[in-house]
Amino acid sequence: MSTETIERGNDTGTNTEQAAQTVTHAPNDAALRFITCGSVDDGKSTLIGRLLVDTRAVLQDQFAGITKSGETDLALLTDGLSAEREQGITIDVAYRYFSTEQRKFIIGDAPGHEQYTRNMVTAASSADAALVLVDATKLDWKNPQLDLLPQTRRHSLLVNLLRVPSLIFAVNKLDAVEDPALAFAHIRNQLAAFAHAAGITVRATVPVSALKGINVVDATKGWAGYEGPSLLQLLHTLPATPADHELPLAFPVQWVEKFSSSADTRQGRRVFWGRVAAGVAQPGQQVTLLPSNQTATVAQVLNHVREPGDVEAGNSAGIVLDREVDVSRGDWIVASVENTQPAADDDFDDAPASQPAWPGQREVQATVAWMDDEPLVPGRVYLAQHGHRWIKTKVRRVVHRLNINTLAEEDAERLEANAIGHVELLLQEAAPVAPFTQARTLGSLILVDTASHKTAGAVLIRS
Amino acid sequence: MNARTEPALLSQLSNRHLDALEEETIFILREVAAAFERPALLFSGGKDSLVMLRCAEKAFGAGRLPYPLLMIDTGHNFSEVTEFRDFRAKELGAELIVRSVEDSMARGTVRLAHPGESRNVHQSVTLLEAIEEFRFDALIGGARRDEEKARAKERIFSHRDSFGQWQPKAQRPELWTLFNTRLAPGEHFRVFPISNWTELDVWQYIDREKIALPSIYYTHQREVVERKGLLVPVTELTPPRDGEQVVTRDVRFRTVGDITCTCPVESTAATAGDIVIETLSAEVSERGATRMDDKTSEASMEKRKKDGYF
Numbered sequence: 001m002s003t004e005t006i007e008r009g010n011d012t013g014t015n016t017e018q019a020a021q022t023v024t025h026a027p028n029d030a031a032l033r034f035i036t037c038g039s040v041d042d043g044k045s046t047l048i049g050r051l052l053v054d055t056r057a058v059l060q061d062q063f064a065g066i067t068k069s070g071e072t073d074l075a076l077l078t079d080g081l082s083a084e085r086e087q088g089i090t091i092d093v094a095y096r097y098f099s100t101e102q103r104k105f106i107i108g109d110a111p112g113h114e115q116y117t118r119n120m121v122t123a124a125s126s127a128d129a130a131l132v133l134v135d136a137t138k139l140d141w142k143n144p145q146l147d148l149l150p151q152t153r154r155h156s157l158l159v160n161l162l163r164v165p166s167l168i169f170a171v172n173k174l175d176a177v178e179d180p181a182l183a184f185a186h187i188r189n190q191l192a193a194f195a196h197a198a199g200i201t202v203r204a205t206v207p208v209s210a211l212k213g214i215n216v217v218d219a220t221k222g223w224a225g226y227e228g229p230s231l232l233q234l235l236h237t238l239p240a241t242p243a244d245h246e247l248p249l250a251f252p253v254q255w256v257e258k259f260s261s262s263a264d265t266r267q268g269r270r271v272f273w274g275r276v277a278a279g280v281a282q283p284g285q286q287v288t289l290l291p292s293n294q295t296a297t298v299a300q301v302l303n304h305v306r307e308p309g310d311v312e313a314g315n316s317a318g319i320v321l322d323r324e325v326d327v328s329r330g331d332w333i334v335a336s337v338e339n340t341q342p343a344a345d346d347d348f349d350d351a352p353a354s355q356p357a358w359p360g361q362r363e364v365q366a367t368v369a370w371m372d373d374e375p376l377v378p379g380r381v382y383l384a385q386h387g388h389r390w391i392k393t394k395v396r397r398v399v400h401r402l403n404i405n406t407l408a409e410e411d412a413e414r415l416e417a418n419a420i421g422h423v424e425l426l427l428q429e430a431a432p433v434a435p436f437t438q439a440r441t442l443g444s445l446i447l448v449d450t451a452s453h454k455t456a457g458a459v460l461i462r463s
Numbered sequence: 001m002n003a004r005t006e007p008a009l010l011s012q013l014s015n016r017h018l019d020a021l022e023e024e025t026i027f028i029l030r031e032v033a034a035a036f037e038r039p040a041l042l043f044s045g046g047k048d049s050l051v052m053l054r055c056a057e058k059a060f061g062a063g064r065l066p067y068p069l070l071m072i073d074t075g076h077n078f079s080e081v082t083e084f085r086d087f088r089a090k091e092l093g094a095e096l097i098v099r100s101v102e103d104s105m106a107r108g109t110v111r112l113a114h115p116g117e118s119r120n121v122h123q124s125v126t127l128l129e130a131i132e133e134f135r136f137d138a139l140i141g142g143a144r145r146d147e148e149k150a151r152a153k154e155r156i157f158s159h160r161d162s163f164g165q166w167q168p169k170a171q172r173p174e175l176w177t178l179f180n181t182r183l184a185p186g187e188h189f190r191v192f193p194i195s196n197w198t199e200l201d202v203w204q205y206i207d208r209e210k211i212a213l214p215s216i217y218y219t220h221q222r223e224v225v226e227r228k229g230l231l232v233p234v235t236e237l238t239p240p241r242d243g244e245q246v247v248t249r250d251v252r253f254r255t256v257g258d259i260t261c262t263c264p265v266e267s268t269a270a271t272a273g274d275i276v277i278e279t280l281s282a283e284v285s286e287r288g289a290t291r292m293d294d295k296t297s298e299a300s301m302e303k304r305k306k307d308g309y310f
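First to last, the sequence lines map onto chains A and B. Note that my numbering numbers the first sequence so that position 76 is 76, with each residue one more than the last. Note that my numbering numbers the second sequence so that position 79 is 79, with each residue one more than the last.
Hints are computed from structural coordinates only; laboratory data are not their basis. These figures come from a predicted structure and were not determined experimentally. Quick reminder that beta carbons are idealized off the backbone N, C-alpha and C, glycines included. Certain hints may be false.
Claimed, not checked - Rough simulated footprint, nothing fancy, chain A against chain B, three-plus residues with beta-carbon under 8 Å:
#	stretch
1	68-80
2	172-178
Unchecked claim - Quick list of in silico lysine to any residue cross-link-like pairs, SDA-like style, CA-CA up to 25 Å:
#	chain 1	residue 1	chain 2	residue 2
3	B	K58	A	V327
4	A	K454	B	S162
5	A	K454	A	P375
The following block holds chain B by itself, in its conformation from the complex (with noise of 0.2 Å):
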C-alpha cells in the first residue's frame, strides 16, 4: 500500500479540481446546444453518461434538457443497467431515442460471423444508420481520454466524415476554446465533454453529487468463472466453458457495456466513497481490468473508431 491509501488522506482529498472540470464540460454541452442543429446525447446509463447528464441539467436547468438522447442497444445489455436508463430519461422528461443492432441484422445490414460474437463492435453500424435517419450532426459521448490510448489523442470536438470515419493523421487543430464546428453536407462531429475527467475524477463527482448509478456498480454475488485473468460472469450468453468451475464472488463493474465483453471486478465496495478508496489503489486500469474485446490488438480500439465506433 502507498501512501496514496492512508484513509485519512482519503479524507481529505481535494476535489475542488472537479469545479473546474465540471464548468468545462458544462461550457461545452451548452456550446453543443447553441452550435448545432440536431445534436444527441449517447446516454447508456453507464456511469460517465450519467454524470454528464447531471453536468446537463446544471446547464439548461431541470427539465429543459435541449437535446434527446440516444441509445444503441446490442440487445446483450444488463437489465439493471437499461431499466435504470429508461427510469432516468424518464425522471429527466428527456426524449429517448433507442436504435437496435437486432434490427440492423434483420435489415441485413449488421451479419455476424458465428451467432456467439460480440455485438459490440457492430453498434457502429446501428449508429451510423441512426445518424443518417435522424440527420445528427452532433453526437455527445460520455469518452474519457485516461481509458485508452487512441482515445487521448482525440479532440474535444472531433470531425467524422460522411462515412463516421475518424482521421487521427488528419484532426482540426482544437485553439483555446475556438471550436470550429463547420461540417459539408453528410459530416459529423462526436463531442467529448469529459475529455479531461479520470475514472477517479468520476467516481469523486458521483459521491459529491450523490449520483444514483445501477446497482450493479456496487458490490454483490455474481456467479463468475476466472478466464485468462478475468472474471467472466456466467449468463445465457456467457456460459461456462468445459472445465471451468463455476464460482459466486463479491464483485462490482467497474465499466458497464456488452454482457458478451464485460467483465465485473472483485470487490466489497457499496458506496461511491469505497470505490473512491479502491480506485486510488488498483493496480489495473479500467479496460484492463474489464474489457474482453480490448485485448485482441494493440490498435483494436483506433480501428474500431476509424470505422465509426464511438
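Okay, chain A solo, but in the shape it has when bound (with noise of 0.2 Å):
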C-alpha cells in the first residue's frame, strides 16, 4: 500500500466563512447515520478511513495505531476486533463519528463477506443513507455488458428493500485502472442498468479512489470524465430519514408509568410512554387500544423530556387518557375512524361505530431476511417482536427465495441463512401490521428463535 498519498490533516475543504454560515443557518442539524457496503476488499474500511482523516476526525494517538515501519494501512481504524485484524476482513459493523462544520455523521462499516450479511443488515436498518462501494479492478470494466459481483447486487436490493433514503454508488480504485474514464462509464451503465431493473432509486454514482483520496473529501473535477459533487459533499446534502408523520396516529406502549400515591385521580392517572410510529399524537384525539379495542381520548400528551405538545412520528411521547383503561406494554395505541361500512336499517339511529384506523391482523405476507445459521422451516413457531410486543408466530410456507443475480422468484422449501425470500406468517395474536413500504414501525418486525433466543431473522411486511 502506498504511503506518500496519506497526510493527516487536509482542510475539510469547507472555508471559515462558508463554514460560519451554515452552522448558523443549520441546514441539517440533524446527524446522518450512513453506512458503507458491497463485497469484500472492495475498499469499505479504506474508505471510512480516508473520511475520518480527511475530516481531522483521527487523533495523533490513533494515527500512530495504524502506522507501523512507515506504512499506514486506513482499514486498520476501523477493524476493531483482534480476529479481524489477523484475518484482515470486518466481521461486525464499526461504528465511527465525524464531523465537519457542517454536520455530525455516524457511520456503519458493513462487513462485506456473504456469511455476515446479518451485520450489514444490523446497520442497514438504521441508517439514512448507503455507500455501496463497487471495486472497478474486480469487474471486466471493458466489457460494456460486464457482469456486476453479488455482493454488490445483495447489499443494494438489502438496502432498497429496507427502505434507507439515498444509495450512492461509489465505483472505487478506478485509480488502479488504465483507462478510468473508460471504466467508469462503464461500471456506472451496468450499475444504472441493475437499479432500474431490481426498482431501485439511485441518487448518485460517483467515481473515487479512497487510497488516494479523490472525490472522497474535495471534488476532483474530470477525473473519470465525472463533473459531479465529491462523497463528502453529497453527505452533507442528504436527508435523514423521513417519519411517517403523513399518517394516522399508531403509538406502541413501551412502558407504562404508574403513580403510587395520589389521591387525586386525574393525577393518579398512568402515563403510557413509547415512541410515535406513525402520526402525529396531539389532545382530543379518538383512540382504539388494541388488542382489546376499548376507545378512549387523548388528555394529554408529553414530549420525550416531559413537556407537554403534540409529538410527530420518530420521537417519544407520554399519553395520557381521558379514562382509566387495561394498558400494558406491548399494547398499541392507534387513531380511531369512523366506520364507514353502511349501518344496518335497524342500527339506524345508532352513533357511527369507529374502527381502528390500523386494524389487528393474524395473517401476514412478508419479506424475510435470513441471518441465522439454523435454516427458517416452515411450521415451526418463532417469537415475533413487533413493537414492544412479543407475539408467537408461525411460518405456514416459504412461497418464494429471491434469486440475487437475476432477481427471479425461485420455489423453495426453506431459507438459509443469508437467503432473502417471501413467506406467509400466522400471528397467535392479531397484531396492527402495514406494508413497510407505507409504514416502517407497523411493517417491521424480528423473528427470534425459541430455543437460542438469537434473531433470526428480519421481517418486512408486504400485505
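Using the hints, build the complex out of the two chains.
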C-alpha cells in the first residue's frame, strides 16, 4: 500500500466563512447515519479511514496505531477486533463518528462477507444513506456488458428493501485501472441497468479512489469523466430518514408509568410512554386500544422530556388518556376512524361506530432477510417482536426465494442463512401491521428463535 | 489551529443534534426499565454516568429512578469522585450499591500478581459477583463507541453469557429499535444508552444542561511526573520512580477511573465551555491521553470485555 498520499489534517474543503454561515443556518441539524457496504476488499474500511483522516477525526495516537514501520493502513482504523486484524476482514459493524462544520456523521462500517450479512442488515436498518462500494479492478471493465459482483447486488437490494432513503454507488480503485473514464462509464451503465431492473432509486454514482483521496472529501473535477460533487459534499446534502407523520396515529406502548400515591384520580392516571410509530400524538384524539379494542380520548401528550405538546412520528411521547383503561406494555394506541360501512336498517339511530385506523391482522405476507445459521423452516413457531409486543408466530410456507443474481423468484422449501424470500406468517394474536413501504414501524418485526433466543430474521410486511 | 477552533465558530457551534442523542438515550433507559426485571445502572460519579443520570431524571421524573445505582469500587478511586458519587445518589434519593474489589480479595476470588498491580482489570470479577448476588439481568453502562475500537463494535443491547462474556463474533443482529432482550437463565445484558455520543457531545451536553461534575474534571494544580508522554499524578499509590522529577502543573482529568491507571492532561479549562473548545482542538484521543492500561496491547480492551469487563 502506498503511503505517500496519506497525510493527516487536510482541510475539510470548507472555508471558515462558509462554515459560519452553515452553522448559523443549520440546514441539517440531525446527524446523518450512513453505512458503507459492498463486497470484501472493495475498500470500505479504507474509504472510512480516508473520510476520518481528511476531516481530522483521527487523532495522533490513533493515527500512530495504524502506522507500522512507515506504512499506513487506513483500514486498521475500523477493524477493531483481533480476529478481524488476524484475517484482514471486517466481521461486525464498527460505528465511527466524525463531524465537519456543517454536520455530524455516524458511520456504520458494514462487513462485506456473505456470512456476515446479518451485520450488514443491522447497520442498514438504522441508516439514512448507504454508500455501496464497487471495486473497478474486480470487474471486466472493458466490457460494456460486464457482470457486477453478487454482493453489490445483494447489498443494494437489502438497502432498497430496508427503505434506506439514499443509495450512492462509489466506484472505487479507478486510479488502478488504465482507462478510468471508460471503466467508470461502463460500470456506471451496468449499475444503472441493474438498479432499474430491481426498482432501486440511485441518488448518485461517484468515481473515487479511497486510497488516494480522489472525490472523497474534495471533488476532482473531470476525473474519470465525472464533474459532480465529492462523496462528502453529497453527504452534507442528504436528508435524514423521514418519519411516517402523514399517517393516522399508531403508538406502541413501551413503558407504563404508574403513580402510586395520589388521592387525586386525575393525578393518579397512568402515563403510557413510547415512540410514535406513525402520525402525530395530540390531545383530543379519539383512539382505539389494541388488542382490547376499547376506545378513549387522548387527554394529554408529553414529549420525551415531559413537556406538554404534540409529538410527531419518530419521537418519544407520553400519552395520558381521559379515563381508566387496561393498557400494558406491548399494546398499541391507534387513531380511531368512523366506520364507513353503511349501517344496517335496524340500527339506524345508533351513532356511527368507530374502528381502529390500523386494524389488527393475524395473517401476514412478508419479505424475510434470514440471518440465523439454522434455516427458516415452515411449520416452526418463532417469537416475533412487533413494536414492544412479543407474539408467537408460525411460518406457514415459503412462497419463494429471491435469486440475487437474476432477481428471479424461485421455489424454495426453506430459507438458509443470508437468503431473502417471501413467506406467509400466522400470528397467534392480531397485530396492527401495515406494509413496510407504507409505515416503517408497523411494517417491521423480528423473528427470534425460541430455543437459542437468537435474532434470526428481519421481516418486512408486504400485506 | 484549524478552522474548527475559531472562537467565532464555537459560539455558534450547533448543539441541536444533542436533542436526538438525548431522545435515543431516554428511549433506551425506558426500554430497560420496562423489559427487564432486575436492572441496575453502573454509576461511578464520572462524566459519562452523570450524563446518563441526567437523561434518566428526564425519562422517569425527579426522584423516580426505577433501578438502583451500582458502583464497583477498586479502593483506588479519587476521593473527589467517590464523594461526589455519594452526594449525587443521596440528592436523587437513589439506592446506591457499592461492591469492592478489596472484598473480593478478602474472599480470595481476586488475587493480585503483586501488591502494586492495577486493580482496574479485577473489577470484572467483583462485577460478576455482584450480578450473581443481586441476580441482575441488565446493567446499564456509560460506555461510548468513540472511546475505543472494540467498543465501536458493540451493540447497544450487548448479550453476555453466564460467564459474563462478550462474544464479538456472535453478536445478535440489532434491527431498527426492536431490541431482542430474551435471556436464558444466568445470562444478562450490558446496555449502553450513550453509545452514539462522542466526547465532544458529552461536554456540549454538560455545558448545555449545567450538569455538576467532580472538581477534578476542571483545572487544578497537581504534582505530577512525566512518564512515556503521560502526566502521572503523584499519589501514595503512584509515587515517583527513581530519577523522576516531580513538577506542579495546571491539569484536569479527561476521564476518571482507577488512580493507578488514570492520568490528567495539562489544561487551564475552568468550565465545560472551555473544555468544549479544548476537545475540538485535541490532538490526542481521550484514552490515548489518559490511560496507562490500554497501551499494553492493541486488543487489551477486547480481551478484557471477553473476560466480562464493562
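Hint check results:
1. 68-80: violated (count 0)
2. 172-178: holds (count 7)
3. B:K58 to A:V327: Holds. K58 (chain B) to V327 (chain A) sits at ~23 Å (cutoff 25 Å).
4. A:K454 to B:S162: holds, 16 Å
5. A:K454 to A:P375: Within the cut-off at roughly 12 Å; holds.
Of the numbered hints listed earlier, the single one contradicted by the structure is hint 1.
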